[in-house]
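Asks: Just need the whole structure built from these sequences, with the hints factored in.
Listed in order, the protein sequences are those of chains L and E.
As numbered in the numbering used here, residues 647 to 963 make up the first sequence, in order.
As numbered in the numbering used here, residues 647 to 963 make up the second sequence, in order.
Derived by calculation from the structure, the hints in this document are not laboratory data.
Don't take each hint at face value.
As the list claims (entries may be wrong) - SDA-like mimics (lysine to any residue), calculated; alpha carbons at most 20 angstroms apart, straight line:
{"hint": "1", "chain 1": "L", "residue 1": "Lys845", "chain 2": "E", "residue 2": "Lys761"}
{"hint": "2", "chain 1": "E", "residue 1": "Lys845", "chain 2": "L", "residue 2": "Lys758"}
{"hint": "3", "chain 1": "L", "residue 1": "Lys859", "chain 2": "E", "residue 2": "Tyr786"}
{"hint": "4", "chain 1": "L", "residue 1": "Lys845", "chain 2": "E", "residue 2": "Lys657"}
{"hint": "5", "chain 1": "L", "residue 1": "Lys845", "chain 2": "E", "residue 2": "Phe663"}
{"hint": "6", "chain 1": "L", "residue 1": "Lys845", "chain 2": "E", "residue 2": "Glu774"}
{"hint": "7", "chain 1": "L", "residue 1": "Lys758", "chain 2": "L", "residue 2": "Pro781"}
{"hint": "8", "chain 1": "L", "residue 1": "Lys845", "chain 2": "E", "residue 2": "Asn920"}
{"hint": "9", "chain 1": "L", "residue 1": "Lys859", "chain 2": "L", "residue 2": "Thr842"}
{"hint": "10", "chain 1": "L", "residue 1": "Lys859", "chain 2": "L", "residue 2": "Ala849"}
{"hint": "11", "chain 1": "E", "residue 1": "Lys845", "chain 2": "L", "residue 2": "Ile873"}
{"hint": "12", "chain 1": "L", "residue 1": "Lys845", "chain 2": "E", "residue 2": "Glu772"}
{"hint": "13", "chain 1": "E", "residue 1": "Lys845", "chain 2": "E", "residue 2": "Glu809"}
{"hint": "14", "chain 1": "E", "residue 1": "Lys845", "chain 2": "L", "residue 2": "Phe663"}
{"hint": "15", "chain 1": "E", "residue 1": "Lys784", "chain 2": "E", "residue 2": "Glu774"}
{"hint": "16", "chain 1": "E", "residue 1": "Lys761", "chain 2": "E", "residue 2": "Val729"}
{"hint": "17", "chain 1": "E", "residue 1": "Lys845", "chain 2": "L", "residue 2": "His922"}
{"hint": "18", "chain 1": "L", "residue 1": "Lys845", "chain 2": "E", "residue 2": "Asp664"}
{"hint": "19", "chain 1": "E", "residue 1": "Lys657", "chain 2": "E", "residue 2": "Glu774"}
{"hint": "20", "chain 1": "L", "residue 1": "Lys845", "chain 2": "E", "residue 2": "Thr917"}
{"hint": "21", "chain 1": "L", "residue 1": "Lys859", "chain 2": "E", "residue 2": "Lys784"}
{"hint": "22", "chain 1": "E", "residue 1": "Lys845", "chain 2": "L", "residue 2": "Thr917"}
{"hint": "23", "chain 1": "L", "residue 1": "Lys845", "chain 2": "E", "residue 2": "Lys859"}
{"hint": "24", "chain 1": "L", "residue 1": "Lys785", "chain 2": "L", "residue 2": "Ala825"}
{"hint": "25", "chain 1": "E", "residue 1": "Lys859", "chain 2": "L", "residue 2": "Ala849"}
{"hint": "26", "chain 1": "E", "residue 1": "Lys845", "chain 2": "L", "residue 2": "Glu856"}
{"hint": "27", "chain 1": "L", "residue 1": "Lys845", "chain 2": "E", "residue 2": "Thr923"}
{"hint": "28", "chain 1": "L", "residue 1": "Lys845", "chain 2": "E", "residue 2": "Arg855"}
{"hint": "29", "chain 1": "E", "residue 1": "Lys845", "chain 2": "L", "residue 2": "Pro919"}
{"hint": "30", "chain 1": "L", "residue 1": "Lys845", "chain 2": "E", "residue 2": "Ala849"}
{"hint": "31", "chain 1": "L", "residue 1": "Lys845", "chain 2": "E", "residue 2": "Glu856"}
{"hint": "32", "chain 1": "E", "residue 1": "Lys845", "chain 2": "L", "residue 2": "Pro874"}
{"hint": "33", "chain 1": "E", "residue 1": "Lys657", "chain 2": "E", "residue 2": "Ala700"}
{"hint": "34", "chain 1": "E", "residue 1": "Lys845", "chain 2": "L", "residue 2": "Arg852"}
Claimed, not checked - Derived contacts from chain L toward chain E, CB cut-off under 8 angstroms, selection only:
{"hint": "35", "residue": "Val715"}
{"hint": "36", "residue": "Phe848"}
{"hint": "37", "residue": "Ala849"}
{"hint": "38", "residue": "Pro874"}
{"hint": "39", "residue": "Ile879"}
{"hint": "40", "residue": "Phe883"}
Remember, it's a predicted structure, so these values are computed and weren't measured experimentally.
The C-beta atom is built at its ideal place from N, Cα and C for all residues, glycine as well.
Number of protein chains: 2
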Amino acid sequence: MTRTIVASATKEVVIGFDQPFCVIGERINPTGRKKLAAEMVEGNFETVIKDALAQVAAGATMLDVNAGVTAVDPNATEPALLVQTLEIVQGLVDVPLSIDSSVSAAIEAALKVAKGRPLVNSVTGEEEKLEAILPLIKKYDVPVVAISNDETGISEDPDVRFEVARKIVQRAADFGIPAHDIVVDPLVMPIGAMGTAGKQVFALLRRLREELKVNTTCGLSNISFGIPHRHGINAGFIPMVIGAGMTSAIMNPCRPQEMEAVRAANVLNGTDPNCHTWIMTYRDHQPAAGGTAQAAPVDSSSGGRRRGGREARRARG
Amino acid sequence: MTRTIVASATKEVVIGFDQPFCVIGERINPTGRKKLAAEMVEGNFETVIKDALAQVAAGATMLDVNAGVTAVDPNATEPALLVQTLEIVQGLVDVPLSIDSSVSAAIEAALKVAKGRPLVNSVTGEEEKLEAILPLIKKYDVPVVAISNDETGISEDPDVRFEVARKIVQRAADFGIPAHDIVVDPLVMPIGAMGTAGKQVFALLRRLREELKVNTTCGLSNISFGIPHRHGINAGFIPMVIGAGMTSAIMNPCRPQEMEAVRAANVLNGTDPNCHTWIMTYRDHQPAAGGTAQAAPVDSSSGGRRRGGREARRARG
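Replies: Written as structure tokens, this is what we have:
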């Protein structure tokens with residue numbers, strides 16, 4: 647059984663097919679958040695702190711930490727900023743962290759100060775990346791996210807993306823890194839641009855699980871890019887990828903609709919024994935018609951009737 | 647490609663792996679609805695009419711029609727009542743109907759007056775049922791729901807349920823009924839009572855699709871029997887069964903959370919080309935925190951950032 651172990655100073659988490667879905671909180675990331683980027687450059691970590699606490703409170707299993715403010719020379723500025731951000735976050739919350747950077751020097755600087763066993767995000771199939779990142783993964787004995795693109799970019803052909811993933815796993819093995827420390831991101835395309843994006847990723851996830859036996863992740867909200875009511879699409883996508891074998895995702899845990907989908911899929915996938923987490927979370931739930939766009943007539947009396955019906959029919963039939 | 651064709655007088659619907667999920671509205675069923683049963687016995691069809699219109703308005707693909715009021719002798723009373731109910735419903739709405747009864751004489755009486763090509767609900771693997779129902783299916787050239795239990799009851803072993811389904815398909819073939827006119831119900835157990843119920847049914851659905859090449863259905867809300875916030879579990883279950891190959895379900899289309907899950911899964915499964923239905927339904931959607939029990943901090947700014955982040959990183963990496 648594939649088990650990817652990540653840990654903070656005090657808390658260990660296992661990513662695996664028989665484990666609750668691992669929610670990697672995506673919020674501590676200045677990319678596309680100008681205000682946050684400006685704050686971090688100024689040494690103001692108020693939003694970082696707020697986002698760290700809110701994501702853990704909302705149920706994040708881990709937190710991604712990215713300090714990629716768009717500087718003129720990331721190689722010069724990002725290592726120190728990533729270290730500073732990481733130290734603040736690991737001093738604040740007890741969940742394991744993901745060190746997220748495209749700057750190898752920043753990843754190594756963060757690995758030197760990280761407590762526990764962080765996840766590194768990420769390596770790709772690009773030769774330069776493999777040579778820069780895999781030695782760090784081996785040296786620090788940590789797991790890594792492997793994104794299935796290479797020098798040729800992101801292929802629209804899922805078979806090509808699978809082969810890139812296979813190449814990364816093989817190259818990692820050459821460095822003495824086991825497959826269970828590779829978490830493959832098969833890359834999710836926006837369904838609005840490519841109608842087969844969903845079926846592609848479901849098929850890829852099954853192959854990654856069955857053939858490479860690796861854990862998997864993705865940037866979850868990519869799927870709904872550009873279409874209305876994205877949270878509804880995301881919430882439908884989560885059970886489908888979990889059913890296809892995905893074991894983690896980089897996502898926003900502060901969205902209740904998405905987190906409800908994660909919890910429901912854990913129940914249905916058999917990783918919430920006795921529905922314990924579900925019941926603890928929703929035992930006082932009051933039925934409501936909200937959270938959906940089409941306010942169709944609501945009738946709360948539907949529960950259980952079908953089953954009762956069949957059993958009743960069978961009894962008298 | 648497996649295609650089960652159902653039709654009303656004016657409208658044909660195809661149930662199939664490459665079709666939008668077929669939502670069979672469950673509401674016209676007096677089992678467990680004492681008030682509705684009392685009305686129907688009195689010849690009052692106000693609720694039937696209201697439920698028919700509401701379900702079609704909410705997006706039902708088909709409507710199930712059951713007149714099984716708990717009479718002393720269903721064989722004497724149900725045929726006439728089912729015919730009456732069916733005629734009212736088929737005069738009112740244009741969607742195909744499912745004739746739902748455990749009384750063979752009622753099914754035949756309804757088949758005589760039904761317009762188009764209704765679905766018959768249901769036959770089981772019980773010898774007496776096979777002998778009573780399959781000749782009607784052949785004679786009227788209609789499709790039938792095959793429930794995978796037999797004289798020994800409902801097996802908890804999914805392999806036994808699969809073999810019951812196979813037996814029904816084989817017996818149907820002996821009558822000259824093709825597999826594409828059999829819609830198998832693999833039987834969904836409550837997840838609260840059996841933690842493996844979800845994984846069982848996902849595996850069964852794959853086998854039914856790949857080995858028997860049949861369409862499938864289930865009484866959807868069975869899965870959430872007895873646990874809080876059932877609609878959240880149902881809404882997570884729908885994308886998972888669709889991902890596993892289920893092509894229809896008997897469910898309540900008047901529940902917006904469940905119907906949103908159906909529409910999202912159709913987008914993701916590639917059966918809502920260009921996201922047309924999704925966009926038409928949700929284009930004016932206003933983000934809201936409602937519809938979920940845990941009101942975690944909400945931040946609507948998460949969309950698309952992750953993708954932007956990766957691309958931005960790649961560009962500067």
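Asks: Evaluate each hint against the coordinates.
Replies: Hints versus structure:
no., hint, result
1, L:Lys845 - E:Lys761, "violated (37 angstroms)"
2, E:Lys845 - L:Lys758, "violated (42 angstroms)"
3, L:Lys859 - E:Tyr786, "violated (50 angstroms)"
4, L:Lys845 - E:Lys657, "violated (29 angstroms)"
5, L:Lys845 - E:Phe663, "holds (12 angstroms)"
6, L:Lys845 - E:Glu774, "violated (41 angstroms)"
7, L:Lys758 - L:Pro781, "holds (14 angstroms)"
8, L:Lys845 - E:Asn920, "holds (14 angstroms)"
9, L:Lys859 - L:Thr842, "violated (24 angstroms)"
10, L:Lys859 - L:Ala849, "holds (14 angstroms)"
11, E:Lys845 - L:Ile873, "violated (31 angstroms)"
12, L:Lys845 - E:Glu772, "violated (37 angstroms)"
13, E:Lys845 - E:Glu809, "holds (18 angstroms)"
14, E:Lys845 - L:Phe663, "holds (12 angstroms)"
15, E:Lys784 - E:Glu774, "holds (16 angstroms)"
16, E:Lys761 - E:Val729, "holds (12 angstroms)"
17, E:Lys845 - L:His922, "holds (18 angstroms)"
18, L:Lys845 - E:Asp664, "holds (12 angstroms)"
19, E:Lys657 - E:Glu774, "violated (33 angstroms)"
20, L:Lys845 - E:Thr917, "holds (10 angstroms)"
21, L:Lys859 - E:Lys784, "violated (47 angstroms)"
22, E:Lys845 - L:Thr917, "holds (10 angstroms)"
23, L:Lys845 - E:Lys859, "holds (19 angstroms)"
24, L:Lys785 - L:Ala825, "holds (16 angstroms)"
25, E:Lys859 - L:Ala849, "holds (19 angstroms)"
26, E:Lys845 - L:Glu856, "holds (16 angstroms)"
27, L:Lys845 - E:Thr923, "holds (18 angstroms)"
28, L:Lys845 - E:Arg855, "holds (16 angstroms)"
29, E:Lys845 - L:Pro919, "holds (13 angstroms)"
30, L:Lys845 - E:Ala849, "holds (18 angstroms)"
31, L:Lys845 - E:Glu856, "holds (16 angstroms)"
32, E:Lys845 - L:Pro874, "violated (31 angstroms)"
33, E:Lys657 - E:Ala700, "holds (18 angstroms)"
34, E:Lys845 - L:Arg852, "holds (15 angstroms)"
35, Val715, "violated (11 angstroms)"
36, Phe848, "holds (6 angstroms)"
37, Ala849, "violated (11 angstroms)"
38, Pro874, "holds (5 angstroms)"
39, Ile879, "holds (5 angstroms)"
40, Phe883, "holds (6 angstroms)"
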